[in-house]
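Enquirer: Protein chains in written order, with this note's numbering: chain A, 39 to 358; chain B, 10 to 335.
Derived from the structure by calculation, the hints contain no laboratory data.
Heads up, a few of these hints could be off.
Claimed, not checked - Partner residues are not named here, just some residues of chain B that face chain A (Cβ under 10 Å, in silico):
hint, residue
1, Phe107
2, Val206
3, Leu209
4, His214
5, His291
Claimed, not checked - Pulled from the structure, derived: some chain B residues nowhere near chain A, Cβ distances all over 12 Å:
hint, residue
6, Trp12
7, Leu13
8, Thr39
9, Gly74
10, Ala98
11, Trp109
12, Met110
13, Val113
14, Ile132
15, Leu197
16, Ile238
17, Leu286
18, Leu331
19, Arg333
Here a beta-carbon is modelled for each residue, glycine too, at the ideal position from N, C-alpha and C.
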Amino acid sequence: MTPMEKVLGPVGPGPGGHWGSPEPIAVQTSGLTKHYGKVTALNDCTITVPEGRISALIGPNGAGKTTLLRLLAGLARPTSGQVIVNGVTPHQDSAFLADIGYLAQDIPLYRRLTAEDHIRAGAHLNPRWDGESVRERLTGLKIPLNRPVGKLSGGQRAQVALALILAKRPRLLLLDEPVAALDPLARKNFLGLLADGVEAGGLTVILSSHLVADLERVSDHLIMLAASRVQLCGDIDDLLAEHRILVGPSKDTAALERAHRVVQATRTPRQTTLLVRLNGPVVDPAFQASEVHLEELVLAYMGEDAPPALTHLTSVGEEQ
Amino acid sequence: MTWLVWRQHRIQFYVGAALLAAFAIIIVITGVQVADQFRSAQLACAMHEGCRHLGGLFMGSRVVGFMVIATLGAPVLVGLFWGAPLVAAEAEAGTTQFAWMQSVTRKHWLVVKIGWMLVAAAIWGGVISALVTWWSSPNNAELLNQFNPGRFDIMDLVPVAYSLFGMALGIAAGALIRRVLPAMAVTLAGFIAVRVVVALWLRPHYLSAVTVFYKATGGFNPPGAFWQIAQGVVGPNGQALAQPNNTPYIDGVPMTALPGACAPVANGPAGPTGSCLQALSHFRAYLTYQPADRFWTFQGIESGIFLALAFVLIAITAVVLLRRDA
Numbered sequence: 039m040t041p042m043e044k045v046l047g048p049v050g051p052g053p054g055g056h057w058g059s060p061e062p063i064a065v066q067t068s069g070l071t072k073h074y075g076k077v078t079a080l081n082d083c084t085i086t087v088p089e090g091r092i093s094a095l096i097g098p099n100g101a102g103k104t105t106l107l108r109l110l111a112g113l114a115r116p117t118s119g120q121v122i123v124n125g126v127t128p129h130q131d132s133a134f135l136a137d138i139g140y141l142a143q144d145i146p147l148y149r150r151l152t153a154e155d156h157i158r159a160g161a162h163l164n165p166r167w168d169g170e171s172v173r174e175r176l177t178g179l180k181i182p183l184n185r186p187v188g189k190l191s192g193g194q195r196a197q198v199a200l201a202l203i204l205a206k207r208p209r210l211l212l213l214d215e216p217v218a219a220l221d222p223l224a225r226k227n228f229l230g231l232l233a234d235g236v237e238a239g240g241l242t243v244i245l246s247s248h249l250v251a252d253l254e255r256v257s258d259h260l261i262m263l264a265a266s267r268v269q270l271c272g273d274i275d276d277l278l279a280e281h282r283i284l285v286g287p288s289k290d291t292a293a294l295e296r297a298h299r300v301v302q303a304t305r306t307p308r309q310t311t312l313l314v315r316l317n318g319p320v321v322d323p324a325f326q327a328s329e330v331h332l333e334e335l336v337l338a339y340m341g342e343d344a345p346p347a348l349t350h351l352t353s354v355g356e357e358q
Numbered sequence: 010m011t012w013l014v015w016r017q018h019r020i021q022f023y024v025g026a027a028l029l030a031a032f033a034i035i036i037v038i039t040g041v042q043v044a045d046q047f048r049s050a051q052l053a054c055a056m057h058e059g060c061r062h063l064g065g066l067f068m069g070s071r072v073v074g075f076m077v078i079a080t081l082g083a084p085v086l087v088g089l090f091w092g093a094p095l096v097a098a099e100a101e102a103g104t105t106q107f108a109w110m111q112s113v114t115r116k117h118w119l120v121v122k123i124g125w126m127l128v129a130a131a132i133w134g135g136v137i138s139a140l141v142t143w144w145s146s147p148n149n150a151e152l153l154n155q156f157n158p159g160r161f162d163i164m165d166l167v168p169v170a171y172s173l174f175g176m177a178l179g180i181a182a183g184a185l186i187r188r189v190l191p192a193m194a195v196t197l198a199g200f201i202a203v204r205v206v207v208a209l210w211l212r213p214h215y216l217s218a219v220t221v222f223y224k225a226t227g228g229f230n231p232p233g234a235f236w237q238i239a240q241g242v243v244g245p246n247g248q249a250l251a252q253p254n255n256t257p258y259i260d261g262v263p264m265t266a267l268p269g270a271c272a273p274v275a276n277g278p279a280g281p282t283g284s285c286l287q288a289l290s291h292f293r294a295y296l297t298y299q300p301a302d303r304f305w306t307f308q309g310i311e312s313g314i315f316l317a318l319a320f321v322l323i324a325i326t327a328v329v330l331l332r333r334d335a
């Protein structure tokens, strides 16, 4: 069983439902836009994340990932558009906040307070709080509970913050580059923990990261941002099924470009390689279609700075 | 939430409590000495007929006297070291994103945090004021100077209001600027500016001052520790005369406005007589003052002004923090 199957297995149908029937939705946005002064951080973002997914939020630096997460958490207000999280618009209400776990990129903890202090603070500030799980986890990781967190290493601080965010028992977990500070083993363990949490039910995760390989291991859903816009949003299996790499002779590809949406084109004098989003079967027998890997797909869209409606050709390695 | 506030700020609390305790010990010990000396001087004075002033009575050491005057600056300390960092330090460290993502609304966070800070500020101002007021009571009885800026501003009600204002100013500056040091600088400058403007330009006009006219040759002394706003002399036609400055004068009337018969009087020890006295009788002196019994009214009005300012600053803080993105 691959990690993907392990995660996907129990995730699919909701209670009494099956694939194809409307699934409960954890996050839905439409036309979500955020300006900071003259800068557009997020533009016309429409996404849907069904409950029980681990969604990978991917995009180049400055693509709007943090802005999107902050809008979902209710820490920022949209300039326009709508957000629905757990069935409601994010607002200042303890019941709403209790269902959201948000961990910012810079891992905000009180540097002078110890992990134990944070655990106790959490107990005072949250209706559901599993402080014991944090103690167990940190003790297991040999992280001292009684040392000010400012004196811990960056990775240890991240572990404290992640354990705290899980202790809140949220329904939606929003993690902004949570594993960046962790070593590969710690990353693997943490992502496994997330997968277990989702498998146990009642949890949806959106996590941003640049480490596509890590995300590929646990994610079953993808949100791809580039240039403040959504490039892709959907279940990874569906997205991979919609895309193909076409390899064929170096010739006029206008017909192909009309039929499908070319995401990336690589041309050499002898051969043309196209990564396309399919609109039906590929009929040109001169081109050979092969499946796309997630990393190829992500890299192709990262080079994509144009709005999704337009075809934008990226020519790489063109000789002559 | 209160637990977190206590855990975050308990060191500040210990420092503040230690400072207050040290101040209280010094004030109580020297205050008892001052009160003793005052009482024995009063007794000694009562045995001598016509002893109206206690003269060069010992009023505590210079150092303690300086400390007492220095409590003028005490209210701004809570604004600088508690108020300004309250929001700004969390914004700088990003920990608002920790606090505001617990199951506690920003409003709740704000109410509890600011509430405790204001309580602390009121206690700080109140304890210092109580100590200073008690310590100064012999001075006040002797010197009748309760309206002096160095006295009025460090006693009774107003230090509490100043402390609440200082705290609110610090919190608001921190919330708006979101950086600790600039917020502290703005707090200090703002506090001094507002205090100076109110003390120098507003306070004399809380109630319209009383003006009493009397014969220039006579005298007038309102009862108790009144606050003199102005005094001067008006001529026979009611015109105000410039206050004599470097020119010889008699009973406040400059020589230039008097007949030559007065010249020897101005230069010699003899009192005015004859035509000079006659000329002087046409002049009247006046005293503009705030009566002593308005002291508490003035304390109340001044406190009200600073409490209102504190309220406005807290309201601004709330609007900024609740409306703005975190």
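Enquirer: Compare the structure with each hint and give your call.
Expert: Checked hints:
{"no.": "1", "hint": "Phe107", "verdict": "holds (5 Å)"}
{"no.": "2", "hint": "Val206", "verdict": "violated (35 Å)"}
{"no.": "3", "hint": "Leu209", "verdict": "violated (41 Å)"}
{"no.": "4", "hint": "His214", "verdict": "violated (44 Å)"}
{"no.": "5", "hint": "His291", "verdict": "violated (73 Å)"}
{"no.": "6", "hint": "Trp12", "verdict": "violated (5 Å)"}
{"no.": "7", "hint": "Leu13", "verdict": "violated (5 Å)"}
{"no.": "8", "hint": "Thr39", "verdict": "holds (37 Å)"}
{"no.": "9", "hint": "Gly74", "verdict": "holds (39 Å)"}
{"no.": "10", "hint": "Ala98", "verdict": "violated (10 Å)"}
{"no.": "11", "hint": "Trp109", "verdict": "violated (7 Å)"}
{"no.": "12", "hint": "Met110", "verdict": "violated (5 Å)"}
{"no.": "13", "hint": "Val113", "verdict": "violated (5 Å)"}
{"no.": "14", "hint": "Ile132", "verdict": "holds (24 Å)"}
{"no.": "15", "hint": "Leu197", "verdict": "holds (25 Å)"}
{"no.": "16", "hint": "Ile238", "verdict": "holds (52 Å)"}
{"no.": "17", "hint": "Leu286", "verdict": "holds (79 Å)"}
{"no.": "18", "hint": "Leu331", "verdict": "violated (7 Å)"}
{"no.": "19", "hint": "Arg333", "verdict": "violated (9 Å)"}
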